[in-house]
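Each protein sequence line maps, in turn, to chains A and B.
The first sequence finishes on residue 865 if you use the working numbering, and the numbering steps up by one all the way, no holes.
The second sequence finishes on residue 865 if you use the working numbering, and the numbering steps up by one all the way, no holes.
Just to be clear, a hint being listed does not mean it is correct.
[As the list claims (entries may be wrong)] Only pairs whose alpha carbons sit at most 20 Å apart, straight line, appear in this in silico EDC-like list of lysine to aspartate or glutamate: (1) Lys460(B) / Glu708(B); (2) Lys743(B) / Glu456(B); (3) Lys357(A) / Glu456(B); (4) Lys460(B) / Asp361(A); (5) Lys718(A) / Asp361(B); (6) Lys357(B) / Asp398(B); (7) Lys393(B) / Glu441(A); (8) Lys449(A) / Glu354(B); (9) Lys718(B) / Glu375(A); (10) Lys371(B) / Glu441(A); (11) Lys393(A) / Glu441(B); (12) Lys449(A) / Asp361(B); (13) Lys449(B) / Glu375(A); (14) Lys358(A) / Glu452(B); (15) Lys358(B) / Glu456(A); (16) Lys720(A) / Asp361(B); (17) Lys358(A) / Glu707(B); (18) Lys449(B) / Asp361(A); (19) Lys718(A) / Glu375(B); (20) Lys358(B) / Glu375(B); (21) Lys678(B) / Glu587(B); (22) Lys358(B) / Glu441(A); (23) Lys371(B) / Glu707(A); (24) Lys358(B) / Glu707(A); (25) Lys353(A) / Glu441(B).
Please keep in mind that the hints were generated in silico from the structure rather than gathered at the bench.
Every value quoted in this text rests on a predicted model; they were computed, and no experiment measured them.
Here is how the chains run, residue by residue.
There are 2 protein chains.
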Amino acid sequence: MMLLLSSLRRSHRRLLHLHRQSHNLFSASTSPPLQFPLNHPIYMIWGSNTSLGKTLVSTGLASSFLLSPPPATNTTNTTKRRKFLYLKPVQTGFPSDSDSHFVFSKLSSLASRYNPPFSLLASNSVLKSSLSAAKSFGGCFETNEFKYGMYNLNFNEKKKVLRDEAGVSELICETLYAWKEAVSPHLAAERENGVVEDSAVMEMLEQCLSNELKFEGENETMDAFCVVETAGGVASPGPSGTLQCDLYRPFRFPGVLVGDGRLGGISGTISAYESLKLRGYDIVAVVFEDHGLVNEVPLLSYLQNRVPVVLLPPVPQDMSNDLVEWFGSSSEPFNSLQGILLSAFSERLRRLKEMPKKATDVFWWPFTQHKLVPEETVTVIDSRCGENFAVYKAQNKDFITEQFDACASWWTQGPNATLQIELARDMGYAAGRFGHVMFPENVYEPALKCAELLLEGVGKGWASRTYFSDNGSTAIEIALKMAFRKFSIDNGIFLDCAKSNLADRQIELRVLALKGSYHGDTLGAMEAQAPSSYTGFLQQPWYTGRGLFLDPPTVFMCNSKWNLSLPDWLHYENVTNNDMVFSSRDEIFEKIRDKSDLYRIYSSYITHQLSQYPGAEGTVHIGALIIEPVIQGAGGMLMIDPLFQRALVNECRRRNIPIIFDEVFTGFWRLGAESAAKLLGCIPDIACYAKLMTGGLIPLAATLATEEVFNSFIGDSKLKALLHGHSYTAHAMGCSAAVKSIKWFKDPRTNLNVIAEQRLLRELWDAELTQQISSRPSVQRVVALGTLFALELQAEGSNAGYASLYARSLLQKLREDGVYMRPLGNVIYLICGPCTSPEICRQLLIKLHARLEEFNQAKEQQASC
Amino acid sequence: MMLLLSSLRRSHRRLLHLHRQSHNLFSASTSPPLQFPLNHPIYMIWGSNTSLGKTLVSTGLASSFLLSPPPATNTTNTTKRRKFLYLKPVQTGFPSDSDSHFVFSKLSSLASRYNPPFSLLASNSVLKSSLSAAKSFGGCFETNEFKYGMYNLNFNEKKKVLRDEAGVSELICETLYAWKEAVSPHLAAERENGVVEDSAVMEMLEQCLSNELKFEGENETMDAFCVVETAGGVASPGPSGTLQCDLYRPFRFPGVLVGDGRLGGISGTISAYESLKLRGYDIVAVVFEDHGLVNEVPLLSYLQNRVPVVLLPPVPQDMSNDLVEWFGSSSEPFNSLQGILLSAFSERLRRLKEMPKKATDVFWWPFTQHKLVPEETVTVIDSRCGENFAVYKAQNKDFITEQFDACASWWTQGPNATLQIELARDMGYAAGRFGHVMFPENVYEPALKCAELLLEGVGKGWASRTYFSDNGSTAIEIALKMAFRKFSIDNGIFLDCAKSNLADRQIELRVLALKGSYHGDTLGAMEAQAPSSYTGFLQQPWYTGRGLFLDPPTVFMCNSKWNLSLPDWLHYENVTNNDMVFSSRDEIFEKIRDKSDLYRIYSSYITHQLSQYPGAEGTVHIGALIIEPVIQGAGGMLMIDPLFQRALVNECRRRNIPIIFDEVFTGFWRLGAESAAKLLGCIPDIACYAKLMTGGLIPLAATLATEEVFNSFIGDSKLKALLHGHSYTAHAMGCSAAVKSIKWFKDPRTNLNVIAEQRLLRELWDAELTQQISSRPSVQRVVALGTLFALELQAEGSNAGYASLYARSLLQKLREDGVYMRPLGNVIYLICGPCTSPEICRQLLIKLHARLEEFNQAKEQQASC
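Input sequences plus hints: build the corresponding full structure.
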């Protein structure tokens, strides 16, 4: 009886993956991004259980909307048409049950019973059905050859109720997919060999909406209203098995929840409401049939009166009078409901419209010259689903369109749609269970589990302690304090200075670091980077740059080949051609290069620099090495020759200089391995993580350290402890998000990109397209590694560098294609999540490639003028 | 028909408040803190709807547990007793429905049908009922005088099924509260004049558990198992109207969810599961009656196979054979379920036990000398509910006990239990709708709403821009950059230095600040504070202290009087006695003091200091004033004379030195007003907020600034923009939490402490107790203001200061009383939330007062020895 059969589990896990992948459908097609109009209200009708009267509510709304006195004619004397669109994407029990037919026939009959009757053009269509449903539907079908999938039923029925030609109201009812058995859609679909992918449902729904609510001149004077009625309860599976609340999530239409007025109905209604909220839906009203149990009182109390509750009169058991009386007595609540929905719709639109102006009035965006951001360029993000933003646009008409978040919400983003809802549930749970609890001297599950996962994962083989903080900058400041303490103890500095006051501070500690590095924006983190656009007096009046900053060799792809680029200090004659070009990216990382002449050149340069620095005075010490392994992010997505970084690590290890890896950007699969240290083939003494650690959801950082580093803070006095902490250190929500994400990303069952044996992500960026792009004349270099695809545009003078606006027109075009990118001056990049499918990445590259061609041509034209 | 009646709304809001307050019941009584044993498993039985067979599941578990072969005798030949405790806290439809009677009679009958019969002692009690239920129950009651409330029914029935005397199993069934009508408990309670407060239900439940599962020697050999069966669905209202999932939350017993195997049941089961998770419950198994719809398949897929699903055979419609056959055929699933519950219980206990050791192995706590934190002093926090931790303890026996979080989770915590669940829902929604989306050049609702609320609230009258960051430290670093830029532009420094390289940096900017101030742990924030325990080379090798740091006058209560304490620089003869003592705390803040001699003394001192600093060189400028208004937190909860801070602000304003208020600790009602600036009666140019801003849930910070400050960053180049930002800047989750909390705290409908007219919190700390405490000889000073109650213990030498362990024994005792505090050396404090009731605060003071007495006596004894 017990369902613990592992084979069952496995098969369903596979099924689950199938469904998950299909969430990304919009980006997977080469068609334009998903989009839907905002010119007319579209509402989902949800039920907190099955058989609570969703269709009665749809019918009542249709009746309210269509069967009221004709709208006043406007000044130009053209009549405003009214159109009610009823969509039932998924219908089971067909044809005996057909909700679209019910709405169609009920409205026709209600219209004709008025005296005089209301003018109404009504139609009902059923587009596709399973074979069994089609057969039951009768008629003659050529179904001999047809065994699997859905049959094109294309059934249509029409009725006209006419009083006069003017002011005709129109009712369009459509069932998109129908199955015969009156069971849950996933079961009917399976039993009737008529499984439909989520993508198909969503595309057909999008198509119906666009056809019926389309932006056309003649529709300017159309008043339309659309409801999309779900099947069963909010979390009933759709035809593929995906829960309907997940299936329809990319649209995130606002909803009406049909609740339950019976005994036990308060609970079911509240729970259904919470399931919808957890997925980011807005519920505009709750409506239910009155059973005399005053369920509305606790419901209103629960909803804090923020969501109106509408009561419907009891539905008669005796249906003989065709519910005409019932609809009559329900006209008041349905009119109220319609009013609520219309005003919520216009309120939403008003807010969306005013947002850009308000944003430019009250925000102070970081890294943004406000003078360069006019109101009309502000992006209004209505929501996100997995890797995609839903963006509000107001070009001619209002609509919502999808854009792939290729800036990975500024380098943090990781979840696909499935992980997002998992995280949402976990966030609710963490807040409900812990809220926030203080960390020092305490332990609680999410913090402990997170620390354990970090030490077993990115810290494996070297780290034994986890120090939590809030973001990359703070993690770096902590790392520096750790390294300096360790260095001081090792070098006997500690004893001299422990009690010293400022005047006695003879010793000065500095870092060894690379030019182009970036470790965060707080002063301590800034001090560890070389002078740059970010460090001038204008930005950082207190910056001095406390380090020895070396110019590193870099690698990149150009004209389809991976090349080495050497800094000025390295005389080319010493380097063989063999060392300058790589046959593949893998070759760059190969350990065998440690035996090369180049390695010896690197090492001796580093040795020379360290011995020369800072000159004769003995009071200045290099107390730490700090590097971003493999990729320098903010510096311009530069890939540093890993051989050089290995040489740095080895030389510092030899001198007992603590080694800090800044993996804030590179950690957690950003570069295709759980840590960039793994790619480099070295271990640090201290490493910093943030960004993707929480799946890209909320701020949390960790500084990992070896037991030796930890021990340099042990003593009898609290004053010897590391006195750096933030109030939310190891906050339960962040740790919970990290626990889920760290596990999710590395598990081949949840992340199909993980190649389990190699502990690497499969290649996400199409090799051929990458080479093609790297060969465009407008492209100076390409770096494709893990989830990162970066390229530097060929640019000179003020077109190059961080402040450049050179890429702007290119990125504008890509946004129209549904790709949201943000430049680093003339460097642009696509970043996907660790779970993003290679197919989606390929689509991004195709779009980028096409727009680069245009860009190139435009630049060439400009040049020739 | 529509329920928009505002009077109804109002009355229910009041009702709601009543319920909310009662959540805090455990702290409101003088009795010991809530606690329950962990020596035996206790499970909640939840239903995803009513009538799904919760009681069948309870009965099945009882049968599995009691009616299996007697346990093997142990080595000492004593028999292990088995006891199954079935508790039904809330029963409606009584006496015709009585689930405890059902379990009682069914078990007795099952036991006797075995051959030979199982030995069983069974009892069933009904403790309290409404009068109507009592009357229906029959018998002779003295009910004439009894009209309202609950009647002490104290009904008890017993049965014995005996085979032999050894190995007797015991079944205890108890109904705690019963009502007659078969409707939702809140409705029955209301209709039968038998409303029961949440606190009463919880206390009686605690009592029953403690009686039956008590830690006694003889019970050492008892095997017990307890289920607490809820009424209706998970979110069905309890007798007071509080949803049951909220009512029982302080216990957070793990649960079994009885799901729904019918059509539509997948959705209801998933939604109920999500409602429980949202409240921080752990659901260990889902069990439901099989209706042949294979609902288990989508459920297992949804649960990702992490929660086992158990199927029960269909319950026969024909009950004539008394379900004996059904229980027979269900023994396998019930045994499995029991196994799952027992192993989850021991797994939970194992994890709780190992947590302190693991924590000391893998954590590196901030501000913690690990050598001083042995494993046994680590606090294991199992959860929090509102202001209280649920702490796991293993003294002799394992149990969970409640501790009031008086360190306010390190100065951030704000929500009571009601706000916590509201925030949990909002966090789920924000994650589901937005996850995280990048901020620069974008707008999304939570960020916009949060910025608007900040500008209308704490920024009202001065601020026009919101700059988001992650925590107090980063907010301060941003504020400094803002102030210095403004100062530079105003003073023509900008033009000289814009393009300057390091060598050219002639100009040095410093801050004017107060000794004892603390602005955060990153280097930039540290540089703005005076040298302290936190700034030595040992901690901050890069610290130099870039400021003019003044020693401020402070105020505090001592011997029941508010006194002024002057720093050395101020000659006492200049100050009248009148100025040294205040008749009340309000007097300290009075604006009339601006006319006093003292104000002139303060002003001229400040003027003198500014004119003398830093001597002859003209390159060093005071570019900003930075203060924590009213209270210096980390510096030791020092209350600075507001008159002195006003003088500072006025003098700097006169000199066009930008003024920064660090309201990270003081903001959002911490001190009884939404901002401390309001108490001070001054406005800044820039102010920083964090901690309580999100209700104390997750990290988020904001730096607010005037339009003039903002304008000093406007120009043609991006390089003139403020280039400081963190990846999660303005993250949707943080902004959503802030939006909810900012509104909640200031609204008198949700925060009963708010005095609407005055925009102040009512006095939370009992005046008499405060005076008494301030008069203890062991107490040097007291500061009670808003949500803060701080006191400094009289201490000398190494007993004083940040590293002191002087308060340790005192705080240990208070933890035993259920009060969790953390010292700042010899300064200890209680911090409550903005919504905490004065009664709870009074209880805290009573406990503190009593323990101070003990502490005092112990110190006196030590001294006399």
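Going through the hints against the structure:
1. Lys460(B) / Glu708(B): Distance ~15 Å between Lys460(B) and Glu708(B) Cα, so the pair holds.
2. Lys743(B) / Glu456(B): At roughly 11 Å apart (the allowed maximum being 20 Å), Glu456(B) and Lys743(B) satisfy the hint.
3. Lys357(A) / Glu456(B): Within the cut-off at roughly 17 Å; holds.
4. Lys460(B) / Asp361(A): At roughly 15 Å apart (the allowed maximum being 20 Å), Asp361(A) and Lys460(B) satisfy the hint.
5. Lys718(A) / Asp361(B): Roughly 19 Å between the alpha carbons, so the hint for Lys718(A) and Asp361(B) holds.
6. Lys357(B) / Asp398(B): Between Lys357(B) and Asp398(B) the Cα gap is close to 16 Å, so the pair holds against 20 Å.
7. Lys393(B) / Glu441(A): holds (15 Å)
8. Lys449(A) / Glu354(B): Holds. Lys449(A) to Glu354(B) sits at ~12 Å (cutoff 20 Å).
9. Lys718(B) / Glu375(A): Distance ~17 Å between Lys718(B) and Glu375(A) Cα, so the pair holds.
10. Lys371(B) / Glu441(A): With a Cα-Cα distance of about 11 Å, the restraint between Lys371(B) and Glu441(A) holds, given a limit of 20 Å.
11. Lys393(A) / Glu441(B): holds (15 Å)
12. Lys449(A) / Asp361(B): holds (13 Å)
13. Lys449(B) / Glu375(A): holds (18 Å)
14. Lys358(A) / Glu452(B): Judged against 20 Å, a Cα distance of about 9 Å means the pair holds.
15. Lys358(B) / Glu456(A): holds (13 Å)
16. Lys720(A) / Asp361(B): holds (19 Å)
17. Lys358(A) / Glu707(B): Given pair Lys358(A), Glu707(B) holds - Cα atoms ~15 Å apart, limit 20 Å.
18. Lys449(B) / Asp361(A): Status holds; Cα separation ~13 Å.
19. Lys718(A) / Glu375(B): holds (17 Å)
20. Lys358(B) / Glu375(B): holds (9 Å)
21. Lys678(B) / Glu587(B): With a Cα-Cα distance of about 15 Å, the restraint between Lys678(B) and Glu587(B) holds, given a limit of 20 Å.
22. Lys358(B) / Glu441(A): Holds - the C-alpha atoms of Glu441(A) and Lys358(B) are around 12 Å apart, at most 20 Å.
23. Lys371(B) / Glu707(A): Distance ~14 Å between Lys371(B) and Glu707(A) Cα, so the pair holds.
24. Lys358(B) / Glu707(A): Holds, at roughly 15 Å.
25. Lys353(A) / Glu441(B): holds (16 Å)
Hint violations for this structure: none, all hints satisfied.
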